[in-house]
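Start from the sequences and build out the full structure, keeping to the hints where you can.
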Amino acid sequence: MIMKNKSLKSTLGAAVTLAAMTLGTSAAFAETNLDKTLVINGETAIVTRAPAAAHLEGALDEVFSGWIFRKDETQTAQMDDFDNPGMIFVDIAQDAWDTVAGTEGKSCASCHGDVSESMAGVKATYPKWREDGGLVRSIDMEINNCRTTRMGAEPYKLTGGKMTAMNALITLQSRGMPVNVAVDGPAQSMWEQGKELYYTKTGQLEMSCANCHEDNYDLHIRADHLSQGQINGFPVYRLKNAKLNSVHARFKGCVRDTRAETYKPGSQEFLALELYVASRGNGLSVEGPSIRN
Amino acid sequence: MASGVKPRVKVPKSAAAGSAITIKTLISHKMESGRRKDADGNLIPRSIINRFTAEFNGQSVIEVMMEPSISTNPFFEFDATVPEAGEFKFTWYDDDGDVYEATKPIAMA
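Chains as they are written, first to last, in this note's numbering: chain A, 1 to 293; chain B, 1 to 109.
In case anyone wonders, no lab produced these hints; they're calculated from the structure.
Note that the structure is a prediction, hence the values are computed from the model and not measured.
For every residue, glycine included, the Cβ atom is placed at its ideal position computed from N, Cα and C.
Fair warning: there could be bad hints in the mix.
[As the list claims (entries may be wrong)] Beyond 10 Å from chain A on every Cβ pair, some chain B residues (computed):
#1 Gly4
#2 Lys10
#3 Ser14
#4 Ala20
#5 Ser33
#6 Asp40
#7 Val61
#8 Ala80
#9 Thr81
#10 Ala85
#11 Thr91
[As the list claims (entries may be wrong)] To spell it out: a stretch of chain B is covered by chain A in this simulated footprint if at least three of its residues, at any positions, have a beta carbon under 8 Å from a beta carbon of chain A; those stretches are:
#12 24 to 32
#13 62 to 76
Structure representation (structure tokens):
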């Protein structure tokens, strides 16, 4: 099932070489410093490289946070929460956490209390199988499940600002903890589906996730420095659009870039892919809200 | 009042007399440029923070005039020399007449 397309790799390699000759500089291809370490606020150490999980045997030996592949300025901005624009949205979500919404007269805090206690460690294991409902849920689905069934409130738009902010607030409570998403048990069939999608070529460009993020990470695809496509840093504040971005919105952008019709955010396909891609980051730290380009 | 506006400042709690400290300030604000159009093609009115000042014990430290090309959530980082214990006062002036203030005390180390 693992489709490694060597011809594509060589095509990309040729394009990169050509670009280098055109620019007449090697500056863009400076060695990536894989040993650089990320400590946030001088206290929270983030694991940005780790031995790959067992299920990645034969695919990757080591996994890297996308932080490793970013420019110095972007990396530095993430070392201090005051410099991290993603924290603005966390503040907004903290207000929402304490605000009553919906027909039941409840806020998030009515049931969950202090977010820093009730949500500590939660993000690290998501998406995961939930017995109450018998399905795999992502954090986003849990938020909307709470809003609709317990609060009697309107669900958040999945890729909207309120959702990414709330996700960031919850994610922050697990920052620094190792990603530990279950790949077996009742979630396994969905995980297999996600793996299938990861290696399936889509679009006119006929590219799978793996073509860029497994076969060619740390190379440049035109001006982009390819990462491993890890999602341990989500939600990410992207400099290109000055807001927090959800995992599904990012998936959509990637699939669109292969010139394919994309799956919808919130679809079973993207949920499966989120589960699988999250599990590829097992061992890295939860890093969100992170900063990327 | 524009929605979601919240000033934030980061000032060391203490410093040695006469030493330079780094101050960081950020205010969440959409900084609508006045150049954009809405879905119906109508111009969205300009709404920005147009001025920012920092004072220490009543003495001006920095004054910034801002123009519409400045991005959302303006962030300023600057150094200031602290001669004595006192209080920093930060003020942001909104196009709509609102004024947002934040103060931070600093002690001598």
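Hint check:
A Cβ of chain A approaches the Cβ of Gly4 (chain B) within 10 Å, the least distance being about 7 Å, so the stated non-interface status is violated. Residue placement check: Lys10 (chain B) does not keep its beta carbon more than 10 Å from all beta carbons of chain A (closest about 5 Å). In this structure Ser14 (chain B) is separated from chain A by more than 10 Å, as the shortest Cβ-Cβ distance comes to about 17 Å. For Ala20 (chain B), the condition that its CB be more than 10 Å from all CB atoms of chain A holds, with the nearest at approximately 18 Å.
Distance to chain A confirms Ser33 (chain B) as a non-interface residue, since its nearest Cβ pair spans about 13 Å, more than 10 Å. For Asp40 (chain B), the requirement that its beta carbon stay farther than 10 Å from each beta carbon of chain A is met, with the minimum near 21 Å. Here Val61 (chain B) stays apart from chain A, with its beta-carbon at least about 18 Å from theirs, past the 10 Å limit. Distance to chain A confirms Ala80 (chain B) as a non-interface residue, since its nearest Cβ pair spans about 16 Å, more than 10 Å.
Interface exclusion of Thr81 (chain B) from chain A stands, the closest Cβ pair being 21 Å apart, more than 10 Å. No Cβ of chain A comes within 10 Å of the Cβ of Ala85 (chain B); the nearest lies about 23 Å off, and the non-interface call holds. No Cβ of chain A approaches the Cβ of Thr91 (chain B) within 10 Å, the least distance being about 19 Å, so the stated non-interface status holds. With 3 residues carrying a beta carbon less than 8 Å from a beta carbon of chain A, the segment 24 to 32 of chain B meets the three-residue requirement, and the given coverage holds.
Interface restraint, the segment 62 to 76 of chain B with chain A: holds (4 residues with C-beta to C-beta distance below 8 Å; minimum three).
Of the hints listed earlier, those the structure fails to meet are numbers 1 and 2, in rising order.
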